[in-house]
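Please take these sequences and the hints and turn them into a complete structure.
Be aware that the sequence shown starts at 1, since it is given in full-length UniProt numbering, and climbs by one per residue.
Pairs of lysine-lysine residues, derived as DSSO-like cross-links and limited to a Cα-Cα distance of at most 30 Å, are as follows: (1) Lys123 - Lys59; (2) Lys66 - Lys54; (3) Lys73 - Lys62; (4) Lys116 - Lys83; (5) Lys56 - Lys66; (6) Lys66 - Lys116; (7) Lys68 - Lys54; (8) Lys62 - Lys116; (9) Lys73 - Lys56; (10) Lys11 - Lys28; (11) Lys119 - Lys54; (12) Lys119 - Lys50; (13) Lys123 - Lys51; (14) Lys51 - Lys68; (15) Lys63 - Lys28; (16) Lys79 - Lys63; (17) Lys123 - Lys68; (18) Lys123 - Lys66; (19) Lys68 - Lys83; (20) Lys116 - Lys56; (21) Lys52 - Lys68; (22) Lys56 - Lys68; (23) Lys66 - Lys50; (24) Lys56 - Lys123; (25) Lys28 - Lys159; (26) Lys116 - Lys80; (27) Lys28 - Lys52; (28) Lys119 - Lys80.
Cβ-Cβ distance ranges computed for the label pairs, FRET-style: (29) Arg172 - Glu29: 23 to 31 Å; (30) Ala53 - Gly6: 51 to 59 Å; (31) Lys123 - Ser46: 28 to 36 Å.
In short, the hints are calculated from the structure, not lab data.
Glycine included, every Cβ here is placed at the ideal spot set by N, Cα and C.
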Amino acid sequence: MRFEDGIWGDKLYQRAAEGLVRCYLSLKERGLAPDKDQEPDYSNMSAAEKKKAKAKARKAAKKAQKEKEEEEKAQEEEKKAQKRAEEQAALENGDTNLKRRQERLNRPIPVDEDPKGLKLAAKDPLVESAKVVSTLVCNAPRAVNSQVLAFDVALERGKVLLALQAVVRGARLGEHAPDMTEQEPTDHITTNTAEKEQGVAPGAMPPAIAIRLVRLALRI
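What follows is the structure, encoded as C-alpha coordinates:
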(Lines of atoms letter the chains of each structure in order from A and count residues from 1; the text may use other names and numbers.)
(Lines give C-alpha, C1' and ligand atoms only; values in the text may rest on other atoms or scores of the structure.)
Protein backbone atom coordinates (compact mmCIF):
# COMPACT_ATOMS: atom_id res chain seq x y z
CA MET A 1 0.00 0.00 0.00
CA ARG A 2 2.85 2.37 0.80
CA PHE A 3 4.44 1.67 -2.58
CA GLU A 4 1.13 2.35 -4.31
CA ASP A 5 0.73 5.64 -2.46
CA GLY A 6 4.15 6.88 -3.59
CA ILE A 7 4.46 5.33 -7.04
CA TRP A 8 3.50 8.53 -8.89
CA GLY A 9 6.38 10.33 -7.18
CA ASP A 10 8.95 7.58 -7.73
CA LYS A 11 12.02 8.70 -9.68
CA LEU A 12 11.44 6.00 -12.33
CA TYR A 13 7.94 7.35 -12.95
CA GLN A 14 9.37 10.87 -13.05
CA ARG A 15 11.78 9.89 -15.82
CA ALA A 16 9.05 8.13 -17.77
CA ALA A 17 6.72 11.10 -17.35
CA GLU A 18 9.41 13.49 -18.57
CA GLY A 19 9.98 11.36 -21.67
CA LEU A 20 6.25 11.23 -22.37
CA VAL A 21 5.84 14.99 -22.00
CA ARG A 22 8.84 15.63 -24.25
CA CYS A 23 7.27 13.37 -26.89
CA TYR A 24 4.00 15.30 -26.69
CA LEU A 25 5.84 18.62 -27.00
CA SER A 26 7.73 17.25 -30.00
CA LEU A 27 4.42 16.30 -31.63
CA LYS A 28 3.15 19.81 -30.99
CA GLU A 29 6.29 21.32 -32.49
CA ARG A 30 6.20 19.15 -35.62
CA GLY A 31 2.44 19.15 -36.02
CA LEU A 32 0.40 16.78 -38.18
CA ALA A 33 -0.72 19.23 -40.87
CA PRO A 34 -1.42 17.86 -44.37
CA ASP A 35 0.99 18.42 -47.21
CA LYS A 36 0.76 22.03 -48.33
CA ASP A 37 1.36 21.06 -51.95
CA GLN A 38 -1.91 19.13 -51.90
CA GLU A 39 -3.96 21.94 -50.42
CA PRO A 40 -5.99 24.18 -52.74
CA ASP A 41 -5.26 27.88 -52.96
CA TYR A 42 -7.67 29.57 -50.56
CA SER A 43 -6.37 33.11 -51.15
CA ASN A 44 -8.75 33.92 -54.02
CA MET A 45 -11.81 32.29 -52.46
CA SER A 46 -14.67 33.88 -50.59
CA ALA A 47 -15.47 32.76 -47.05
CA ALA A 48 -18.25 30.45 -48.25
CA GLU A 49 -16.08 28.95 -51.00
CA LYS A 50 -13.20 28.46 -48.59
CA LYS A 51 -15.44 26.68 -46.09
CA LYS A 52 -16.85 24.44 -48.81
CA ALA A 53 -13.37 23.64 -50.19
CA LYS A 54 -12.01 22.75 -46.76
CA ALA A 55 -14.99 20.50 -46.04
CA LYS A 56 -14.45 18.77 -49.38
CA ALA A 57 -10.73 18.34 -48.65
CA ARG A 58 -11.45 16.83 -45.23
CA LYS A 59 -13.98 14.43 -46.76
CA ALA A 60 -11.49 13.37 -49.43
CA ALA A 61 -8.75 12.85 -46.84
CA LYS A 62 -11.03 10.68 -44.70
CA LYS A 63 -12.06 8.64 -47.74
CA ALA A 64 -8.43 8.12 -48.78
CA GLN A 65 -7.47 7.11 -45.24
CA LYS A 66 -10.37 4.65 -45.05
CA GLU A 67 -9.45 3.09 -48.40
CA LYS A 68 -5.85 2.75 -47.29
CA GLU A 69 -6.86 1.06 -44.04
CA GLU A 70 -9.18 -1.33 -45.88
CA GLU A 71 -6.42 -2.21 -48.34
CA GLU A 72 -3.94 -2.89 -45.53
CA LYS A 73 -6.53 -5.00 -43.71
CA ALA A 74 -7.24 -7.03 -46.86
CA GLN A 75 -3.53 -7.67 -47.37
CA GLU A 76 -3.16 -8.77 -43.76
CA GLU A 77 -6.12 -11.14 -44.05
CA GLU A 78 -4.68 -12.59 -47.24
CA LYS A 79 -1.37 -13.30 -45.51
CA LYS A 80 -3.14 -14.97 -42.59
CA ALA A 81 -5.24 -17.11 -44.95
CA GLN A 82 -2.16 -18.18 -46.87
CA LYS A 83 -0.38 -19.11 -43.67
CA ARG A 84 -3.36 -21.12 -42.43
CA ALA A 85 -3.50 -22.97 -45.75
CA GLU A 86 0.16 -23.90 -45.45
CA GLU A 87 -0.37 -25.09 -41.88
CA GLN A 88 -3.39 -27.16 -42.91
CA ALA A 89 -1.49 -28.75 -45.78
CA ALA A 90 1.31 -29.71 -43.42
CA LEU A 91 -1.17 -31.29 -41.00
CA GLU A 92 -2.80 -33.30 -43.77
CA ASN A 93 0.63 -34.63 -44.73
CA GLY A 94 1.03 -36.10 -41.24
CA ASP A 95 3.09 -33.39 -39.57
CA THR A 96 1.80 -33.67 -35.99
CA ASN A 97 4.23 -31.07 -34.67
CA LEU A 98 1.96 -28.32 -35.97
CA LYS A 99 -1.13 -29.24 -33.96
CA ARG A 100 -0.37 -26.79 -31.19
CA ARG A 101 0.42 -24.08 -33.68
CA GLN A 102 -2.89 -24.79 -35.41
CA GLU A 103 -4.71 -24.41 -32.10
CA ARG A 104 -3.03 -21.08 -31.51
CA LEU A 105 -3.99 -19.94 -35.00
CA ASN A 106 -7.64 -20.74 -34.32
CA ARG A 107 -7.68 -18.54 -31.23
CA PRO A 108 -9.19 -15.08 -31.68
CA ILE A 109 -6.46 -12.53 -32.29
CA PRO A 110 -6.83 -9.14 -30.55
CA VAL A 111 -7.19 -6.40 -33.13
CA ASP A 112 -5.13 -3.26 -32.75
CA GLU A 113 -7.48 -0.50 -33.86
CA ASP A 114 -4.63 2.01 -34.07
CA PRO A 115 -1.52 0.07 -35.23
CA LYS A 116 0.31 3.18 -36.44
CA GLY A 117 -0.71 5.37 -33.53
CA LEU A 118 -2.51 7.88 -35.77
CA LYS A 119 -5.53 8.16 -33.48
CA LEU A 120 -3.28 8.64 -30.47
CA ALA A 121 -1.22 11.27 -32.27
CA ALA A 122 -4.42 13.07 -33.33
CA LYS A 123 -5.18 13.95 -29.70
CA ASP A 124 -4.19 17.42 -28.52
CA PRO A 125 -0.60 16.89 -27.26
CA LEU A 126 -0.75 19.90 -24.95
CA VAL A 127 -3.89 18.66 -23.20
CA GLU A 128 -2.39 15.19 -22.76
CA SER A 129 0.94 16.55 -21.51
CA ALA A 130 -0.87 18.84 -19.06
CA LYS A 131 -2.52 15.77 -17.50
CA VAL A 132 0.85 14.08 -17.00
CA VAL A 133 2.45 17.23 -15.59
CA SER A 134 -0.43 17.73 -13.16
CA THR A 135 0.11 14.25 -11.71
CA LEU A 136 3.87 14.77 -11.61
CA VAL A 137 3.72 18.13 -9.82
CA CYS A 138 1.25 16.81 -7.24
CA ASN A 139 3.41 13.79 -6.37
CA ALA A 140 6.95 15.10 -6.91
CA PRO A 141 6.70 18.85 -6.24
CA ARG A 142 10.25 19.13 -4.87
CA ALA A 143 11.91 17.80 -8.03
CA VAL A 144 13.19 20.65 -10.19
CA ASN A 145 12.29 18.83 -13.40
CA SER A 146 8.66 18.67 -12.31
CA GLN A 147 8.50 22.46 -12.23
CA VAL A 148 10.54 22.74 -15.44
CA LEU A 149 8.06 20.51 -17.28
CA ALA A 150 5.14 22.41 -15.74
CA PHE A 151 6.65 25.64 -17.05
CA ASP A 152 7.35 24.31 -20.56
CA VAL A 153 3.84 22.92 -20.99
CA ALA A 154 2.16 26.01 -19.54
CA LEU A 155 4.15 28.32 -21.83
CA GLU A 156 3.28 26.23 -24.90
CA ARG A 157 -0.39 26.44 -23.91
CA GLY A 158 -0.12 30.21 -23.51
CA LYS A 159 -0.87 29.99 -19.77
CA VAL A 160 1.52 32.67 -18.56
CA LEU A 161 0.21 32.66 -14.98
CA LEU A 162 0.72 28.89 -14.65
CA ALA A 163 4.22 29.27 -16.09
CA LEU A 164 4.99 31.97 -13.53
CA GLN A 165 3.70 29.75 -10.73
CA ALA A 166 6.03 26.96 -11.87
CA VAL A 167 8.99 29.37 -11.85
CA VAL A 168 8.12 30.58 -8.34
CA ARG A 169 7.79 27.02 -7.03
CA GLY A 170 11.06 26.03 -8.69
CA ALA A 171 12.90 29.07 -7.32
CA ARG A 172 11.85 28.15 -3.78
CA LEU A 173 13.48 24.74 -4.09
CA GLY A 174 17.02 26.13 -3.96
CA GLU A 175 19.98 25.48 -6.23
CA HIS A 176 20.63 22.01 -4.80
CA ALA A 177 17.07 20.76 -5.04
CA PRO A 178 16.82 17.21 -6.43
CA ASP A 179 16.23 16.51 -10.07
CA MET A 180 14.76 13.30 -11.45
CA THR A 181 18.03 11.38 -10.97
CA GLU A 182 18.56 12.28 -7.31
CA GLN A 183 16.87 11.36 -4.06
CA GLU A 184 14.72 14.11 -2.62
CA PRO A 185 15.86 15.52 0.77
CA THR A 186 13.80 14.49 3.76
CA ASP A 187 13.03 18.03 4.89
CA HIS A 188 13.71 21.69 4.26
CA ILE A 189 16.31 21.88 7.06
CA THR A 190 18.45 19.27 5.31
CA THR A 191 18.40 21.31 2.11
CA ASN A 192 19.46 24.52 3.85
CA THR A 193 22.26 22.72 5.71
CA ALA A 194 23.64 21.29 2.46
CA GLU A 195 23.54 24.72 0.84
CA LYS A 196 25.44 26.33 3.71
CA GLU A 197 28.09 23.59 3.70
CA GLN A 198 28.73 24.13 -0.02
CA GLY A 199 28.87 27.90 0.30
CA VAL A 200 25.65 28.54 -1.57
CA ALA A 201 23.11 31.07 -0.39
CA PRO A 202 19.97 29.35 0.93
CA GLY A 203 17.14 29.53 -1.56
CA ALA A 204 19.39 30.17 -4.58
CA MET A 205 17.50 29.62 -7.82
CA PRO A 206 18.18 26.39 -9.76
CA PRO A 207 19.85 27.14 -13.13
CA ALA A 208 17.06 25.46 -15.13
CA ILE A 209 14.48 27.64 -13.37
CA ALA A 210 16.57 30.77 -13.97
CA ILE A 211 16.62 30.01 -17.69
CA ARG A 212 12.84 29.60 -17.70
CA LEU A 213 12.44 32.90 -15.88
CA VAL A 214 14.37 34.64 -18.66
CA ARG A 215 12.22 32.91 -21.29
CA LEU A 216 9.09 34.01 -19.48
CA ALA A 217 10.32 37.61 -19.28
CA LEU A 218 11.05 37.61 -23.02
CA ARG A 219 7.63 36.09 -23.74
CA ILE A 220 5.81 38.75 -21.74
